[in-house]
Amino acid sequence: MSTFSGISTALSSLMAQRQALEVAGQNIANANTVGYTRQRADITSIAGMSTPSMYSSVPSSGNGATVTGISRLGDPFLDARLRTATGTSAQLGVQAASYANLESSVGEPSTTGLSSQLNTMWSAWSDLANTPDSAATRSVVLQDSQAVVDQLKTLYTSASTEWSQSRSDLASMVSDVNTAASSVADLNSKILSITNAGGSANELMDTRDQLVTQLSSLTGATARVKDDGTVDVLVGGNALVDGARANAIAVTGAATFTNATTSAPPANSVQIVWASNPTVQVPLASGKIAGTLAVLAPPDASGTGGMLTEAAASYNAVATALATTVNALHSTGQDQNGNPAGNFFAVDSTQPAGLGLSVAITDTTKIAAATVSMGATDGSMADKISQLSSASGSPDTAWSTFVVKLGVDSKSATSRATVAEAARSTAEGLQLAQTSVSTDEEATNMLTYQRAYEGSARVLTAIDQMLDTLINRTGVVGL
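Each residue of the sequence shown is one higher than the one before, counting from 130 in the working numbering.
Take the hints with a grain of salt, since some may be wrong.
[Claimed, not checked] In silico lysine-lysine, DSS-like type, Cα no more than 30 Å apart, as pairs:
id, residue 1, residue 2
1, Lys282, Lys495
2, Lys495, Lys513
3, Lys319, Lys495
4, Lys319, Lys355
5, Lys513, Lys282
6, Lys319, Lys540
It should be emphasised that the hints constitute simulated quantities derived from the structure, not laboratory data. Here the structure is a predicted model, which is why all the values come from computation and not from measurement.
Throw the hints in and build the complete structure from the sequences for me.
See the structure below:
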């Protein structure tokens, strides 16, 4: 090893330590940057350049150090775990939130809930049975019955509005998926170009990973890292992003609540399909979109369809039961004028029962409080109607069944969402522990690199002094 090779060795160390110091500075600069993955300069030793020969006996100490690359200190396993947990949590969170909104609109138990209004209406019929000739009591029966009708319409309209909002949100989410997928494909192309040229694309990879996590939240997507540094994003095993190419998705199917509740399959369901092949559905197992599709699902015979359409079906069932049971008795009674009575409630056949229900009577004298031939002051028919609240097939029974099921399903959805969010939070904590910047650790690294840099500079100074002695002071004795 020559004296001048020592200069090269010290110089390589200066350059390596300076570059490592710059990486530590980059880490500290991004300590609070969301999605940033800490980096490390990979410093390796440069081997000596000795040539083997039979007379080569001087050992070589190497030619210094060099930075061979800048590594991202992430963990693909922890990233994959977080994305899986994120997709599940997002799906269950959407469903739990929709159940909470539905429960809020139902408002049970409360004094303004439908069960309370039904009780008030039955009480009005009971009062009419006791005072059948009272115009005021008859007016109260009409008012309380109208209140029940209005409440059913409000409930049905609320479910319809919630469905329409969820449908709009779904379209927005699909647009976000297509935008994010296109961005991932574009980043794949840029990263490949940079790495092929020998550069570092760590910051672009951070941005790409954030987009992949966003796609996981929306679609439950997973990522497959390839040897060239690009990633494929898969949804149900199908490529949403394949290298530098993104495959767009689209929404088809029911566009209105009426379509979802009255149309025949498959027009009554909302589906996510590949934009390039609309006949093929995108297999979504988790993510916000999967949760929203569950909310928007049509009703089914088993009662396990979408929560909003099933709620509408229950409102229709209550309205139908109310009209059927009350009319069955009322139409056989006698009004205050002694004439045969007609139906008390009417249902518009062109609308769902929950919306089409109305009070058919506007004249209080047309209310049948009496049984035929029992006289105008008889209240036996009103008494029979008041007892419908506890009869088999009553609207109260239908409503109670719906409310109990809603409460159980909502509690279950909330519990599952809470557990899933806890799992996501744990996975995120583990991932951040691996990727986040510790300013204390980086400060220690900076001090290490600084001291190494100073040491290399001292080596250069020592060699300079040696050369100065050799060049300027050797052989000058006596001069």
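(request) List, from low to high, the hint numbers that the structure doesn't satisfy. (result) 3, 6
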